[in-house]
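Enquirer: In case you want the letters, here they are:
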Amino acid sequence: MAQRVYITGIGIITALGNNTEENLSSLMEERSGIGEITLIDTIHKGKFPLAEVKLTHEELLDQVGLPHKSNLTRTALLGMIAAQAAMHSAGIDNAKDSRTGLISATTVGGMDRSELFYEKFLADKSKGQLRDIVNHDCGDSTERIAEFTGIREFITTISTACSSSLNAIAFGAQLIKAGLVDRVLAGGTDSVTKFTLNGFNTLMILDKNKCRPFDDTRAGLTLGEGAAFVVLESEELVNREKKNILCELTGYGNANDAYHQTASSPEGTGAYLAMQKALEMSGQTPERIDYINVHGTGTSNNDLSEGIAIERLFGENVPAFSSTKSYTGHTLGAAGAVETVISILSMTNNVIFPNLNFSTRMKELKITPVTQLKKEINLRHVLTNSFGFGGNNSTLIISKC
Amino acid sequence: MKDIFITGLGNVSPQKTFDNSQFLDEVVSFTTNQLRCQDPNYKEFVPADLLRRMSRIIRFGVAAGKICLADAGCQMPDAIITGTGLGCLEDTEKFLSNMIRSNEEFLTPTAFIQSTHNTVSAQIALLLKCHNYNFTYVHRGLSFESALLDSIMQLDSGAVDTVLAGAMDEMTQNTFQIQQRLGHFKQKPIDNLHLLEDQSRGSIAGEGSSFFMLSSKPGTKTYARISGLDFFFKPAPCEIESRLLQFLKNNGKSIETIDLVLFGLNGDYGFDNIFHNLMEHMFPKTPSAYYKHLCGEYFTSSAFGLWLAAKILYHQTVPEVVLFKNASSGKFRNILFYNHFRNIEHSFILVTQT
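Chains as they are written, first to last, in the working numbering: chain A, 1 to 401; chain B, 1 to 354.
Quick caveat, the hints were computed from the structure, so don't treat them as lab data. Check the hints yourself; a few may be wrong.
Label pairs and their computed distance ranges (CB to CB) [to be verified]:
| hint | chain 1 | residue 1 | chain 2 | residue 2 | range |
| --- | --- | --- | --- | --- | --- |
| 1 | A | Thr348 | B | Tyr269 | 54 to 60 Å |
| 2 | A | Pro266 | B | Ala48 | 24 to 30 Å |
| 3 | B | Arg333 | A | Glu58 | 55 to 61 Å |
Just so it is clear, the structure is predicted and the values come from calculations on it, not from any experiment. Just so you know, even glycine gets a beta-carbon here, dropped at the ideal spot from N, CA and C.
The shape of chain B in the complex, shown without the other chains:
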């Protein structure tokens, strides 16, 4: 693949990331295991009459997309490509619950209309009057990576010059309770900023939407380049290291040239050992960082991770709150981002300085 330039960012998350002039200057802590988005002033992005009908994911997804477009100074992207694990949960649950409670009578269409998984990318297209390519990927822990791959392919083939690529997922009370029963989230509330100190099963729930303006050329502002992407399923334990070595080799990099490894550690001791093992075997002295204590765990949290990698390269600093091991005052040129979702869906993204 050719290098892809990140020329704009938009991120609405449980942290105050919607303001691109800041970089985790203030950190929000939570006392529940369900991290909720910090809301920007949505009226800046969506007309009030439309806003009223929008559920939370549509609000923060559209806002993140529009922040990203403004950041890149782009009026009309050549494509809009998104990923979401669970789509518009609130609307889906609302229509489903009303249908059951009212025995299929007296239902109204709004929640149903907005329950489709491509609602956010469609709403952005509608607001921009953008008739271009518009795709949405919905594959669990690889929803965002799939959107990213399609974006790279569109740019690589020369079909488009700019792609507004992003991801969004929301957490609701019902789904939180269900996933807690499934053991995906910790049973007792913890302090999110001490996520990795808690040695128990499950993670903490999160949500958010991160968008990236991707371009085949550098922009007026260029945060970073995406230089490599790989994802795979249910690997045997030994397969991860060999796949990583091959990935680095394919992209002209070696272990020594990686300045920072960003891990998708989520505090679930049943799954974090995969990251720990890789770190000890392959990157014992390399600086490393993590992020899910800030945004929580969700199917598309890797989009928050990519945002963090791009910001680190742009600002050339690793905020203390995300530092995991081996602080460094050196330059950051190459970041390896490794995430996996419950040891089923795994992904590597190589992010480099421009």
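For reference, chain A alone in the conformation it holds in the complex:
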């Protein structure tokens, strides 16, 4: 019999705040982190809003107590802050006291520094500071987080576009169930870069206003940045150490939409299959789900496809749902972990954070998101979705203990 997997710690940094408390109070006060572009040098300043973490490179280094000369990317720094917070939250002082793994996720890796390098390198191939390019790959931020948190037993990185960090959490749970480790720090990190901003702009899916997930007039997503991690621990370890449990991770599922490299299928096939697989693993029926933290990017295509999949799976009894991307923006590779942490905050505080900027129901759907803060609501099982390019669709279910 496979071990149960519990979540015992969380850490998060987003445009809503630099720690869990700040994120929670922004959510409770329905305060979005989306605003004007202030930190990146781009011609799109003033044209599109962003959900930036309001700390400069130097301020991020201060947060982790490292000298300003340290060669770290923004992605690594955001990850280190959230990862360390998650370990503290789980009451872990020494990662080596149990077999501990680290599964991180990212899509852009060290692109913020690579952009600086390439500006000089393209003009002259002997130019560009090598220290700006050595951290380009996705594994770099993970190894930095590993060093910072003292994890050495098992380390890897997942990159499946915008479902990356949900998949990292799911893989972490599998490692524990397989008995390879007792504990996993799992999550993801991504920083806003010119590369991603321009990339999404060429796809014409950036809203010029703040994103309006699941609204009939929605016009695209708002990019965000951040990092979030959870600490997963085995049933045995939790019992032995009498750990404080936040919730149980009861189900996850991954399926491929196999429809188009970037667009979601009109029937929401991948989304439907991912949710179905997660439900099956959790042993729950659809009516037992009390809240869905939807992927809900605010693009015309995603929200329609996801909405159709939800209506197909839940029928007439679609649970309360909202997209918290209206607060954090779309944090890409970090989104799955960011929204898992927000789902945990919902469950442990008995609240549903409303979907901001919603006014009109989509004409193709019967369902509307939660638009007012719901308090004192018992959330027994919460489902969260994360979907990415390449039709990569993932769902995770957490359950109250």
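Guided by the hints, dock chain B onto chain A, whose structure is given.
Expert: Below, chain B alone, put in the same frame as chain A:
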């Protein structure tokens, strides 16, 4: 872990490995330090209209995957799991360079869309209409090993019966120049077939994509079994030997039962001594082989190594071009494959005869 059977292979590399009926019958030599893939006829694997838009890594990754599926006679794998160190470099560099040169104006989306690291596994799923589990690992010198571990876990748990597992990395002119400046590649061009004779820093650059059909049961064709996998980080020098002994013990093997050791020697004298030391201490008389002179060095070159181990067990022969020390005419039952990437990421894979 239960034994995992390799029931199909697909390998596009700087050698003519895309034809499964051959086994390094003809060896390609290079006069530059950047080994490039030998191209199969891609039109056999991808419709022409799709092919036009695909960058090289997508072409050779998808081709390797489809060769593997055909070899195993599999229409629909239960999972597709891949590893890549740097992903779709050409598309990433193209979008990045265009963005800088044109000051963020007049950009088109294709290169951006294809720059995500899971593009090859997604494209294979798309071509097959495969809705199953689809994961991509991107952890430097352990990207492929991570994909392999996930595959083994999926098969072990009984969640799936077949996994299309593979790895891919491409080398571009820009990244070659950057890594040469970093000292990862040799400064002067050498003959790749004499890689180990060159006593200098750095290796030679490579690329390629190798796929494996992994199954919980033997197939119509079974190349070999994967009987053990272990990987670890930044070991102390003494730790490697003890970890290896433990690995062999865990898998019911001893030094004496290993018929061949496959080493990830890459010609960088700063790092190859780790292999030499292990060989001298633990396997002084055991036949050994190497392969990076054929495919070059890259984050997922261990996938080429696993291909070689599977082919050696299947054909029961060690091609002369890969033989390192102690030729043997005996049977090959157990191959120990040891690779490390710049002494940071280390891996052991035990590959056995079926």
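Enquirer: Run every hint past the structure and note whether it holds.
Expert: How the hints compare with the structure:
1. Taking 54 to 60 Å as the suggested C-beta distance range, the pair threonine 348 of chain A and tyrosine 269 of chain B conforms, at roughly 56 Å.
2. Remark: the range hint 24 to 30 Å for proline 266 of chain A to alanine 48 of chain B is upheld by a beta-carbon distance near 27 Å.
3. Judged by the Cβ atoms, the range 55 to 61 Å given for arginine 333 of chain B and glutamate 58 of chain A holds: they are separated by roughly 59 Å.
Taken one by one, the earlier hints all hold for this structure without exception.
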